[in-house]
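Chemist: Under our numbering, the first residue of the sequence shown is numbered 1, with each subsequent residue one higher.
Since the hints were made in silico from the structure, they are not lab data. Among these hints, one or two may not hold up.
[Claimed, not checked] So the derived label-pair ranges between C-beta atoms look like this:
| id | residue 1 | residue 2 | range |
| --- | --- | --- | --- |
| 1 | Leu26 | Tyr57 | 20 to 28 angstroms |
| 2 | Glu22 | Asn64 | 36 to 44 angstroms |
| 3 | Ser31 | Val73 | 34 to 42 angstroms |
| 4 | Ile18 | Glu52 | 17 to 25 angstroms |
| 5 | Ser68 | Thr19 | 31 to 39 angstroms |
| 6 | Ile77 | Phe29 | 19 to 27 angstroms |
| 7 | Asn65 | Asp23 | 32 to 40 angstroms |
| 8 | Glu20 | Gly69 | 27 to 35 angstroms |
| 9 | Glu24 | Ile77 | 14 to 22 angstroms |
| 10 | Glu20 | Ala88 | 21 to 29 angstroms |
Every value quoted in this text rests on a predicted model; they were computed, and no experiment measured them. We treat Cβ as the ideally placed atom computed from N, Cα and C, and that holds for glycine.
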Amino acid sequence: MAYSEAKPVRIKSPAISITETEDEILIEFLSLDQAMEYFSSEESRRFTGGCELTGIYPNYSCSNNGCSGSCRVKETIAAGGVRIYSCACE
Numbered sequence: 001m002a003y004s005e006a007k008p009v010r011i012k013s014p015a016i017s018i019t020e021t022e023d024e025i026l027i028e029f030l031s032l033d034q035a036m037e038y039f040s041s042e043e044s045r046r047f048t049g050g051c052e053l054t055g056i057y058p059n060y061s062c063s064n065n066g067c068s069g070s071c072r073v074k075e076t077i078a079a080g081g082v083r084i085y086s087c088a089c090e
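Can you make the complete structure from the sequences, with help from the hints?
Modeler: This is how it looks when you write it as structure tokens:
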């Protein structure tokens, strides 16, 4: 399938695996049980919880919703140059 232009994709759920092939981008998500276990740990809340990605590409920012430190936008470049934006609680 050909696209006329690339558009950003916003994912608001924790992804555990992102794989890009020539034909598709596969995103696997945590199950509900895995997500509940992950976010119940104090360490994961300190590092990932409390920050929410806001804004429109390319002007993303993070809002602080309970992070004990400060929130910052984190950019990761996956296979094939796919850019993934998230917020980090530091």
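Chemist: Please go over all the hints and tell whether each is borne out by the structure.
Modeler: For each hint, the structure was consulted:
1. Leu26 with Tyr57: 20 to 28 angstroms: Once the Cβ atoms are compared, 21 angstroms apart, the range 20 to 28 angstroms for Tyr57 and Leu26 holds.
2. Glu22 with Asn64: 36 to 44 angstroms: Check passed, 39 angstroms falls within 36 to 44 angstroms.
3. Ser31 with Val73: 34 to 42 angstroms: Distance hint for Ser31, Val73 is violated at roughly 27 angstroms.
4. Ile18 with Glu52: 17 to 25 angstroms: holds (20 angstroms)
5. Ser68 with Thr19: 31 to 39 angstroms: holds (33 angstroms)
6. Ile77 with Phe29: 19 to 27 angstroms: Taking Cβ atoms as reference, Ile77 and Phe29 lie about 21 angstroms apart, which means the hint holds.
7. Asn65 with Asp23: 32 to 40 angstroms: holds (37 angstroms)
8. Glu20 with Gly69: 27 to 35 angstroms: holds (32 angstroms)
9. Glu24 with Ile77: 14 to 22 angstroms: This hint holds: roughly 18 angstroms between Cβ atoms.
10. Glu20 with Ala88: 21 to 29 angstroms: holds (23 angstroms)
Hint 3 alone, counting from the list given before, is not met by this structure.
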